[in-house]
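Chains as they are written, first to last, in this note's numbering: chain A, 410 to 762; chain P, 410 to 762; chain H, 410 to 762; chain B, 410 to 762.
Just so you know, the hints here were simulated from the structure itself, not pulled from any lab data. Treat each hint with caution, since some may be false.
Which copy? The list can't say, so a pair holds if one copy fits it or any two copies do.
To be verified - List of simulated lysine-lysine pairs, PhoX-like, C-alpha gap at most 20 Å:
1) 572 x 607
2) 727 x 607
3) 666 x 603
4) 572 x 467
5) 467 x 597
6) 482 x 447
7) 727 x 666
8) 597 x 581
Predicted, not measured: the structure shown is a model, and the values here were computed from it.
4 protein chains.
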Amino acid sequence: MFTLGNFLTLSTFGESHGLAYGGIITNFPAGLEVDFEKVQYQLDRRKPGQSSIVTQRKESDTVVFQSGIFDGKTTGTPIGFIIKNENQKSRDYSHIADAYRPSHADFTYDQKFGLRDYRGGGKSSARETVNWVAAGALARQVLPADVEISAYVSSVGEIFCEKPYQDLDLSKTDESDVRCPDPATAEKMIAKIKEIKKEGNTIGGTIMCVIKNLPAGIGEPVFGKLQAELAKAMLNINAAKGFEYGSGFCGAKMTGKEHNDLFNSDFSTKTNLSGGIQGGISNGMDVYFRVAFKPVATLLRPQESVDRDGNMVTVEGKGRHDACVLPRAVPIVENLAAFVLADLYLINKLRRL
Amino acid sequence: MFTLGNFLTLSTFGESHGLAYGGIITNFPAGLEVDFEKVQYQLDRRKPGQSSIVTQRKESDTVVFQSGIFDGKTTGTPIGFIIKNENQKSRDYSHIADAYRPSHADFTYDQKFGLRDYRGGGKSSARETVNWVAAGALARQVLPADVEISAYVSSVGEIFCEKPYQDLDLSKTDESDVRCPDPATAEKMIAKIKEIKKEGNTIGGTIMCVIKNLPAGIGEPVFGKLQAELAKAMLNINAAKGFEYGSGFCGAKMTGKEHNDLFNSDFSTKTNLSGGIQGGISNGMDVYFRVAFKPVATLLRPQESVDRDGNMVTVEGKGRHDACVLPRAVPIVENLAAFVLADLYLINKLRRL
Amino acid sequence: MFTLGNFLTLSTFGESHGLAYGGIITNFPAGLEVDFEKVQYQLDRRKPGQSSIVTQRKESDTVVFQSGIFDGKTTGTPIGFIIKNENQKSRDYSHIADAYRPSHADFTYDQKFGLRDYRGGGKSSARETVNWVAAGALARQVLPADVEISAYVSSVGEIFCEKPYQDLDLSKTDESDVRCPDPATAEKMIAKIKEIKKEGNTIGGTIMCVIKNLPAGIGEPVFGKLQAELAKAMLNINAAKGFEYGSGFCGAKMTGKEHNDLFNSDFSTKTNLSGGIQGGISNGMDVYFRVAFKPVATLLRPQESVDRDGNMVTVEGKGRHDACVLPRAVPIVENLAAFVLADLYLINKLRRL
Amino acid sequence: MFTLGNFLTLSTFGESHGLAYGGIITNFPAGLEVDFEKVQYQLDRRKPGQSSIVTQRKESDTVVFQSGIFDGKTTGTPIGFIIKNENQKSRDYSHIADAYRPSHADFTYDQKFGLRDYRGGGKSSARETVNWVAAGALARQVLPADVEISAYVSSVGEIFCEKPYQDLDLSKTDESDVRCPDPATAEKMIAKIKEIKKEGNTIGGTIMCVIKNLPAGIGEPVFGKLQAELAKAMLNINAAKGFEYGSGFCGAKMTGKEHNDLFNSDFSTKTNLSGGIQGGISNGMDVYFRVAFKPVATLLRPQESVDRDGNMVTVEGKGRHDACVLPRAVPIVENLAAFVLADLYLINKLRRL
């Protein structure tokens, strides 16, 4: 319950100012020679302080595997891992202990639990995603080697990457600070983020994720459709507001004649408005989806708000915050997708006698 | 695994031309005086043949509860229910046994399972949703009586209901055949669907769902966020291509200053771009979301396609099919949402000592 | 939650005097040619009225599969099944509606749920096991063909079958009405049951179950040990009071030198006090376990008891009840074990890359 | 899947010579003022080196909670905890890397996973139970304060504590090194263990566990019976061979007239052969059960065995091992039972509207 994955599962713990984040991955198959560098590489992509347009906080985000791996190979038993918090100490949070920040989870946690860890957002902090990246980067190694999962920033505010993903070189995504593989668009996005940042404001955007070479057959008919599992994972990311795959919301404007993907004789399809999924199951074509992110709620400028007693107060974000989370969300989307796929990929092996 | 719900769960069975659909609801609390009419009412809203713009197939879709209810009250033990298939007999499906219809699940089922029940789509048939409506309509009775869940058709093709939901009388939704509560827009939608139908074509659209009076505190911090559970449920509906809540994809174009919902002193918010959810937990404001549906893949006109051996064939839908599923999807969205909410509502009762 | 099995799962519904029993089996692999006769055969072994020493109630206990099987083969989608209740009508239960029968679940259901279906025990009726036999008999067909699961009555009251199972011909179990494969012991058991029955009394006993040719590797290290999964299943059977495997409670009297099973060079072991399981995982030797059953609580003679208000009342079983459930419990134990094994067998296929 | 508990769940990780053991507890209610000393006290009861009759290994077994607790109170979010391994370094295990020790899990792990962590038994080490004690000791604090869970050693080899538990002062259990509350029996047990230990041999035994003041209503009708959940937990303990509750295997020798527990007018029962459970649900009387443990497989004397290639080898335990695990298993049984009860206790709160 409330794990990621159905058979291959991830349970996590950790809060912004606790001792550590961490998780347990169960049912990971034995015998995988773990590429630890690939795991740390993904964590490094997510960590703060990588470029001038993201937060300058410093955290090493080093994952230490505690179990389930012996002599470099997975043993088939639960894989525990820990990522220590390094900046969790001393700061004084008493000024926000009673204040509810607008569009944060302060109020809802108090309503739900009757109390909350107010230091840095506690459990509601997006730092939780560090667990998902670690687990996803490991799960990715279970998938066939040719499965490629490539996310990129497809819009920031009103600036869209208009080119279809087929016309982009997705291997170049990380070459721009904003992780948009189209250099001209990337430049505009970066300029926009810098402008917004100067104002102490923040901005939203979208991420496109493309999965190539996924075998046909992945996903389950009912209550386990591939798109539903992906949507569930993505909408657990902090700030995510929407998910669409294939033609998505545009497809809702179309007619069947326009939308149906006709087959070629090799069972590929001439178009791919389906987004590589039919009846909840992959068909061998590219799977692609888009996730919408709202602007970060923490502003580095004063906002009116209320405290626990309903008194009006002024809140103002301090220190180092992202003006736009999109660049750092790219590895989150990718590795979360990898975990979802690895889970369904393993399950699919049991679908035929 | 692959049930709907986490604590209150629904497992289902059934395929288009099997004997029956049905399901088992577990962990339903004891002592509820069941309103059977409300359950059947929701099933009747979903069933075919209700108006000139939906399929004219006749099915009574009568749910028969088999257990878990005694003297009109739930007993706290599993609730089994059955909805018999009435039209499942005799027709000859051999002509499509080997053909793969475009944008259907024929090919992916064969790839996954090595065989499939080709009669009427088998398990991939949208008739599965009859189970969800039955279970959801029952689960709805667990929620506080003032929780209102109202879905309506917000667009058909390019025709959008431009008014915000606050300006609509949602009690009038069922007064139009297309289930759009704005009469002028409804008229245009109906005209469009009739035109499309005449061509043997189909058309997509979107459904908006609004949940009023949901108490604060519903939804779980990680891997059980309210929006993620709703998205997962909605994207399991056949033909669903996207989900967004609150500001959704529009929110991704905004800045934090525009997007943050400032508090009133009674903890309501001045705006509600959050869609009633912060940190995955309801805040007491309206929860609202939108689901995109692609056009139905079955066209009543010939399409080129392939068979299992890769030979080109012509397929053509016969008989009675929906040109637009949106009107019938309205009760599906509502009752699916009801089940998700009832599950998280019960779980929330255990969140504090 | 509260299903049988972890990956291959069984959810069930039904109560003594409801319309039907039934269940849903999920994650059953596609492509199995179902042997329906084997399923019905196991149900027939469990059903009442088979011999003079069990209840003479008549129920046909015919299972009807509703879905998940097409053209005689499993499709990989959920398998729904129904077993109609035939004797559930009209009888007057008002005399026991308020009485609590000794050592029945009447009191505890009322305490838990605040109400109960008092007709024939409602959900607490052992008729629920009909579901388990149906599902188990199907699951058995997933196991390798040479896996043999043989249960028999190893004691009735003080009468024990003293021979070790290796000295018995387990194919002869069903030749005696009491299902003990040792004819001399069977005769004594039958005489004892007849005597007890004449008194309106009942008697307990034990069942031994032997699993031959189970491959090594079945069972999971932590919280999924083979013995734990078997124990859980067996202790869900009505009237079960204990479970032991291998040396069991006798092993607790021994020293390590006596108890350790030394290896042969082919990895078989010279003795098998381990009962074919080490560290929760099968080792290829026979798995065997014993289940203790208390005497049936329903006596065909008056007993003092209390009603809901604490008034003293006299209760007396009427009609047709088993004086000893052991013979009918043999197929329950076998098929329940089959389900547990099939679940762990499938899971084990995913344990190595 | 493969967690302890159904709603309140424990996932664990760790192996004998890994960096740490640890776990995640989910769905723990918010607002509990944690008594950390009670948790550490239970861990101290389990840890090695407490008396002359158990292993003299030194491990501090200090639990460090990583999350889910703030200002001494549970926050309702996942509770992560870590127990570092302190003795895991340096020793040379290459001599046993290829040997299969008799009645250990060496062979079965290799068969299942194709490899294993051979250092100190890896995942199959009983050190895993340190996680269960930590989690159980915390879960115990969720139960009503008057629920008492008291386990004690009821037999060692052939030496049985003949007195019924009602005649023992269970508060005195820890006063004897062997944790048997009957001083005369304890003395004999201790003498026996010392004798066995001198021989490099080991010995089995049984543990009785008594739960007082458990409210009526705990446990679920089907696939969640209280006895089944307890049995599953207990049979996951290393070396456990059997479980019985109430009359257990003795009850299988009795008649219904002898076995039925007649009611008093206050709904207590005159006898309690049921062991406080009817229909899988607690009835308010004492719940009691017994667990059988085989003798430890590691002998401090040479035994013949085989290696991975089937060659005969001699194995001999070295260092510090328990000659009898029973005393240290007492807190394991108690705290495991506490976790099972806390889970079902919380679930029971949702059973009525």
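Each hint, compared with the structure:
no.	hint	in the structure
1	572 x 607	neither (29 Å within a copy, 36 Å between copies)
2	727 x 607	within (14 Å within a copy, 61 Å between copies)
3	666 x 603	between (44 Å within a copy, 15 Å between copies)
4	572 x 467	neither (35 Å within a copy, 47 Å between copies)
5	467 x 597	neither (27 Å within a copy, 57 Å between copies)
6	482 x 447	within (14 Å within a copy, 38 Å between copies)
7	727 x 666	between (54 Å within a copy, 16 Å between copies)
8	597 x 581	within (17 Å within a copy, 46 Å between copies)
Comparing the model with each earlier hint shows violations of hints 1, 4 and 5; every other hint is respected.
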